[in-house]
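Chemist: Sequences listed follow chains A, B, C and D, in order. End of the first sequence = 471 in this note's numbering, gap-free, step of one. End of the second sequence = 471 in this note's numbering, gap-free, step of one. End of the third sequence = 471 in this note's numbering, gap-free, step of one. End of the fourth sequence = 471 in this note's numbering, gap-free, step of one.
Hint data in this document are derived by calculation from the structure and do not stem from the laboratory. Owing to the predicted nature of the structure, the values given are computational and were not obtained by experimental measurement. Certain hints may be false.
Copies of one chain are not kept apart here, so a pair can be met inside one copy or by any two copies together.
[Unchecked claim] Straight-line distance between alpha carbons at most 25 Å, and here's what the computed BS3-like set of lysine-lysine pairs gives:
#, residue 1, residue 2
1, Lys413, Lys32
2, Lys459, Lys432
3, Lys396, Lys466
4, Lys432, Lys371
5, Lys32, Lys445
6, Lys103, Lys464
7, Lys445, Lys60
8, Lys227, Lys80
9, Lys190, Lys201
10, Lys227, Lys201
11, Lys24, Lys371
There are 4 protein chains.
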Amino acid sequence: MADDKSKVWGGRFQKGMDEEVEKFNASIRFDARLYAQDIEGSMAHCRMLAKQGIISDDESSQILSALAEIKREMARGEIPLDEVHEDIHTLVEKALVEKIGPIGEKLHTGRSRNDQVSLDVRMYVREAIQRVARLIRELQLVLVGLAEKNRDLILPGYTHLQRAQPVLLAHHLLAYFEMLKRDGQRFQENLKRVNVLPLGSAALAGSTFQLDREMVAKELGFEAISENSMDAVSDRDFVLEFLFASSVLMMHLSRLCEELIIWSSQEFGFITLPDAYCTGSSIMPQKKNPDLPELVRGKTGRVYGHLMALSTTMKGLPLSYNKDLQEDKEALFDTVDTVEPCLSVLSRLLKEVSFNGEKMRKATEEGYLVATDLADYLVGKGMTFRKAHETVGKMILFAMDQKKELSQLNLEEMKKFERKIEKDVYGWLDPASCIKRRNLPGGTGPEAVKRSLQKAKEELES
Amino acid sequence: MADDKSKVWGGRFQKGMDEEVEKFNASIRFDARLYAQDIEGSMAHCRMLAKQGIISDDESSQILSALAEIKREMARGEIPLDEVHEDIHTLVEKALVEKIGPIGEKLHTGRSRNDQVSLDVRMYVREAIQRVARLIRELQLVLVGLAEKNRDLILPGYTHLQRAQPVLLAHHLLAYFEMLKRDGQRFQENLKRVNVLPLGSAALAGSTFQLDREMVAKELGFEAISENSMDAVSDRDFVLEFLFASSVLMMHLSRLCEELIIWSSQEFGFITLPDAYCTGSSIMPQKKNPDLPELVRGKTGRVYGHLMALSTTMKGLPLSYNKDLQEDKEALFDTVDTVEPCLSVLSRLLKEVSFNGEKMRKATEEGYLVATDLADYLVGKGMTFRKAHETVGKMILFAMDQKKELSQLNLEEMKKFERKIEKDVYGWLDPASCIKRRNLPGGTGPEAVKRSLQKAKEELES
Amino acid sequence: MADDKSKVWGGRFQKGMDEEVEKFNASIRFDARLYAQDIEGSMAHCRMLAKQGIISDDESSQILSALAEIKREMARGEIPLDEVHEDIHTLVEKALVEKIGPIGEKLHTGRSRNDQVSLDVRMYVREAIQRVARLIRELQLVLVGLAEKNRDLILPGYTHLQRAQPVLLAHHLLAYFEMLKRDGQRFQENLKRVNVLPLGSAALAGSTFQLDREMVAKELGFEAISENSMDAVSDRDFVLEFLFASSVLMMHLSRLCEELIIWSSQEFGFITLPDAYCTGSSIMPQKKNPDLPELVRGKTGRVYGHLMALSTTMKGLPLSYNKDLQEDKEALFDTVDTVEPCLSVLSRLLKEVSFNGEKMRKATEEGYLVATDLADYLVGKGMTFRKAHETVGKMILFAMDQKKELSQLNLEEMKKFERKIEKDVYGWLDPASCIKRRNLPGGTGPEAVKRSLQKAKEELES
Amino acid sequence: MADDKSKVWGGRFQKGMDEEVEKFNASIRFDARLYAQDIEGSMAHCRMLAKQGIISDDESSQILSALAEIKREMARGEIPLDEVHEDIHTLVEKALVEKIGPIGEKLHTGRSRNDQVSLDVRMYVREAIQRVARLIRELQLVLVGLAEKNRDLILPGYTHLQRAQPVLLAHHLLAYFEMLKRDGQRFQENLKRVNVLPLGSAALAGSTFQLDREMVAKELGFEAISENSMDAVSDRDFVLEFLFASSVLMMHLSRLCEELIIWSSQEFGFITLPDAYCTGSSIMPQKKNPDLPELVRGKTGRVYGHLMALSTTMKGLPLSYNKDLQEDKEALFDTVDTVEPCLSVLSRLLKEVSFNGEKMRKATEEGYLVATDLADYLVGKGMTFRKAHETVGKMILFAMDQKKELSQLNLEEMKKFERKIEKDVYGWLDPASCIKRRNLPGGTGPEAVKRSLQKAKEELES
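Start from the sequences, fold in the hints, and give me the full structure.
Modeler: Take a look at the structure:
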């Protein structure tokens, strides 16, 4: 049976907790991670209690200095995480009372673990958003750097994994810049709903003490205070939102990684991954495997899983707080622990990737990638686009039969399909000139890409 | 074998499409829903082509009036949705060419189905967001109305489905107002990323024609144009975001519905659902079932499923467009078709719910809901909160043994636990006075709730 | 307000159903699909009621012939699916009463819609399993056929999408045969739990009439009767199981499709897809896209989504029946409608795929795929495998530097790394001989594959 | 940079692994859990290598005794889990070589980590299935015990959380027995596909050494050997199946827990949970919360999440092994760590639950639960069921108006609705007699339940 003194709610119970249950019930194993947030929150609460005259200044001083000490001890791992303490809140309070006696018990005045845990999680998510935002920005910087460095490289743009039209590598890379930009926005918007102080909601109905919630909010850097105590202690939509923003981010990274994997296959050979970012095989001596992008791609499932997990957990729960909500934390923590290294490791890998420009360029010359441009050429000669499309389709069938590319057909052969085709068609069909014609905003033309790069850099600096 | 003329890409193919494949491949069955968006988008594109001199004014006039006619015909269901037409884009173009001949084929100049479908879906989501936002607001209005109408009703606030502290019904209802407010915000933020024109991206690399993308954006009410063509044709994060905002919304509704179901059980009996919103049993004549809230709760899974479906579909796809993306639409459409009636039917149901004030009030009097307040009372007498908590716990054990509530203990009995307890304790322990003490911002006190109600009404009017 | 007569539970209600609610509540829109199962079930129930003397033989005859007529009319689409009839069960009963008057009302004796809907769904799933099992077998047959037809083709086996070791194409294809075999098993096992008669459970507590449940089970081909009425009307784990078996099947198909897509890229070029199974682009005349495998891969998400949807819906529902369970059907139906054509279309596509043996074989010659075999060769000379692995690794570094494959190093160069290497190493390093050495059961050696093929054919015939 | 000697594939690499990457890549942190399986598998492999003459008996002896020693050291936590060792396989091999030198390196002959990890995971899942099956059986035993002990208790059976018909508590509890029975079946069926030896598949193409796969299978207790090496190293459907069986199990537990929570609310009051299985509140002294069932219900989401995670991870992966598959383990381990204590703690809790028979019985007397039986009574008098249903509906409306239950109407009042009603109706409407009429197999009648209990006990003993 558990030690009566280890709980913060023993009075009404005739029997202590079953040990297996205690272990099953305890969250200290994982919520110990919140110790710094918990203590900072408590310190702000304490200062406010004193200011409001609910505790004395002297009591406040004692509590504050003991809390500061506990924080240092926790940081150094000096306080054992015994499961007899249900959670980090209890652990900290017990440590406090051990240090300064019953005065420590006054800290919990006007507060419940229900609003306290919401506070801690919000502070944690807030910091996670800031770190993730920074890592997103770093990856964006790497992409911009690569795009600039390899400004002249061209490769096939694909649809359906079939060569479609030649594009600038920089343009391709900047597509990911855009995705990451939206990812960053989603995290920032999440922050607005995270950054709301729940303290003062107490268990569910609000506190009876004359707390100054605005003061605590200000001290802890919250932009607003929660408007409804029952909502504040029982919703975790702000965590779901973080998990969702992370899921989309991982989806984007999974696409980038899929490309890195395909590109580093012998068949594509567009890139060479650095040795330091690959692994070998225990049986096949020649192997150099793109483990890292594979892992990032694989971990996408993990983050989706966490989103689904918490969404399921919250479905159909009546108000207000239910113990089911304790399940929010591990999903959140593991998501943070997944997303951060994925971003970081990918940034470092990308910096070291070498692009095989020659192989990429050659790939643009086979597979009729210029067919659309030939159709556009015919439109320029007055044909409707649909007719031009059909005509080029037939020219391709003919060329395939001859085992030639379009630009390898001679003028006579071409003219059989459309008399208006002239010699200028050959210049027109050079992949580089195809790219150059696409300088519309958002297009792959060098001017358009230059403008996008410029804009990207400005955004990153702001 | 399919009719060659039914496709927009026949030229290069030697063999028509297998019929079963054609059916499997076609999206016309479900994307016909986008006809209005498709035609409006085409009209804006057409006007721009004319302004830019890519087609003549006369051609433009013919195309525009034929498109308007097709739109009317589609609205009246006069155009059969034959699967020989792959999709709505093809169907409209074929109908156009039937009406005005080869000139109709010019419409597709500078455009691909890849950017066209992104356009249509964006326009659809934009409208869906507006409708959903309106329905959310309506439900908020109903909640505010109910809260005002039943301003004096109190009921037990629950945690862990155990009676915790008395709260105002209005406070309980406003918790949902807050959730819905955040839901509304999420949809609005989604809108910013939806409302970006993809047209001009063509298949993936941008168009070679001198399109005026800004003009089209303005005509169609888009706030920005896409910055990268490869990104524009291949991402659907904006759809995922809609599915996520819908998932959280449904989660919130599932919680409300869970409460309606529990409250209308014979055991709780807090509410009576109107006959017109219930169903009976084919075998049990007495049954009046809360089918509607059950259905809404059940449909939560459905929307989660769609979010998971599209998230999975997009995982690991290389750039740019892949056919897998065709799977975005049914998930989206069914989500819209689920969320809208859930909101609407729930608003109407809630308006008709009658609250059994007497039963709710009585429930606040049994189960020691005032225990926290008794502890607070003891804190007022100088005890630490932890000590007070423990003392009240013991008083409850004693009272349970006597089969009494706390307020049924006489002063002598109370004093055995703490001498400082005085006669004023009885007034203090009245549920209504417990509520009155919680007027801190966000609390359940009448003043606090009045301020929240006022604020809610102002927000709804803005 | 709805027509009182359209419901089977009107008596206790003072107010008819709100029309929007009626529509929201009705399942007839989708459960009409169950009409044949519903009527067959009713006929067996009717025959049993007569045999037990609960209704007369004459009543039974009238009911049976009217039901048969209704079934024919439903098949011909002659009965409108008005939402005023909540569901297919009500619709059939109302049609019955219209035909033969109040006698028709006797059919529902000893039965509730709760056990009736479970019956219908079970009959539907049973048939779906049989169809899906047949389609799986068909796809297995195609794979075996392809393996036999292309028995001599070799290609690189990949790990991490890097060339690893040469394998027989037949071996590669038979890997999918094995996956499908397990998929088939899962559906068969699902069948055991589906094929249990719920009728007799009535609403939840069992019927008071002297029904002969065994007789009905026998008539309808059920292997057992349900053991507990509350379980029978409220669980849908048998549907979840079908959705799961379908999810894994789709996962396997998604892998096969991923390979078809990669193999048909210009870079790999291992296969050519038949024109009749591809589509083109509205803008790029050269495109021939592997839409079909992309769609199958994309639809994997959809089936996962349905599994997640129903799992979520069922979480936390108290016993016994709750309206939430109505959400089981659309997820189920759409899964069936997805899985069946995916299997069927893929079978037909695969039959028409042509393998480019030359290209595949050449790919086995570049990329040091024989490195493991060289290590094995060294082990044969007495080296430990780890040492041999390291030695070959260094030989590869040297060879890469020389831009040579291992078999292009001359003996002298080889001996620098290990003196025991002899001339026989060159024969040893031929990809075909590498394959031949792997005749262990389950290996890619021709003998092993021949045995597997034989076994596969026997299994398909059984 | 990492120590070259820590990897099993260094030879071909010019640069050691980046440290952050190494950490990201390593699985030792979580796969160390597989050490016992890994070593047992290696021992069987070693004995076979010796028997086949691939290594000498002496070498085998040395390896075996060193492995046994390593196993003991690992069990005692004496071997540090340095991330420089990628995974448990590497760690064990390195420890082996440290002990006995280069001979240790011979162990890996004819084996790859790809087949080795599949082996280890299969052995782990096999054991987990056995433990979970045992725990399921324990919970079934508890349910049977409770049913027997409380054989005479009746309570309302609910549909839609509305009182429907009186049932025996034993019948209600046995509904969960049936669900768990099917859960047990699913795990057993899973076992068949788990219990297949992958060893001999090597990296992907099978080994070139003359391994005796059947011998290893027999030694390790596998029922079969894998039929295809590429399938064997790259599929994880057997893990998905475990996750699915766990998901359905958790779904069932979540329903049971939902009922425990509802039943222990003050409003229902059907059960009292033991103090030792509840927790209190840090602020509300009266609270005794059903944390344990809430946690189990909440953890349902977690297991669903893992199923979704791995399903997503596996979608669209080409053959054969890809690093993404490393993500199978944590989902699996956490599922095992969740399911086991949920079952165990729930078994123990249920044993201690006390049922408030009086309160349950009283609840069957209010809410017209006998209405169906009254309709059946009227059918006995010759009315069709539909007519009887309607008549009873009207009687209920009348009774509600009179604030009476049906059995409180006098005969005269009853006869106004149907003249054939006689005095015997009152005995008929007693809840206990309603239950007694339901002795059809599967029904809630005492005889039927007795038979089910008997059958349940026999099944548990078999």
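Chemist: So, for every hint listed, does it hold in this structure?
Modeler: Now the hints, each set against the structure:
Proximity of Lys413 and Lys32 under a CA criterion of 25 Å is satisfied in neither setting, with 72 Å inside one chain copy and 34 Å between copies. Neither within a single protomer nor between protomers do Lys459 and Lys432 lie at most 25 Å apart by alpha-carbon distance, with minima of 31 Å and 58 Å respectively. Within a single copy, Lys396 and Lys466 get their C-alpha atoms no closer than 42 Å, and across copies no closer than 50 Å, so neither meets the 25 Å cut-off. In this homomeric assembly, Lys432 and Lys371 come within 25 Å of each other (Cα to Cα) only inside a single copy, at 23 Å, whereas the closest approach across copies is 38 Å.
Within a single copy, Lys32 and Lys445 get their C-alpha atoms no closer than 66 Å, and across copies no closer than 39 Å, so neither meets the 25 Å cut-off. Taking the shortest Cα distances, Lys103 and Lys464 never come within 25 Å of each other, neither inside one copy (54 Å) nor across copies (40 Å). When the C-alpha separation of Lys445 and Lys60 is checked against a cutoff of 25 Å, the pair qualifies only between copies, where the shortest distance is 23 Å, while the shortest distance within a copy is 68 Å. Only within a single protomer do Lys227 and Lys80 lie at most 25 Å apart by alpha-carbon distance; the minimum there is 21 Å, versus 56 Å between protomers.
Taking the shortest alpha-carbon separations for Lys190 and Lys201, both the intra-copy value of 17 Å and the inter-copy value of 13 Å come in at or below 25 Å. Taking CA atoms no more than 25 Å apart as the test, Lys227 paired with Lys201 passes inside one copy only; the shortest distance there is 15 Å, against 30 Å between copies. Taking the closest pair of Cα atoms, Lys24 and Lys371 never come within 25 Å of each other, the shortest separation being 78 Å inside a single copy and 30 Å across copies.
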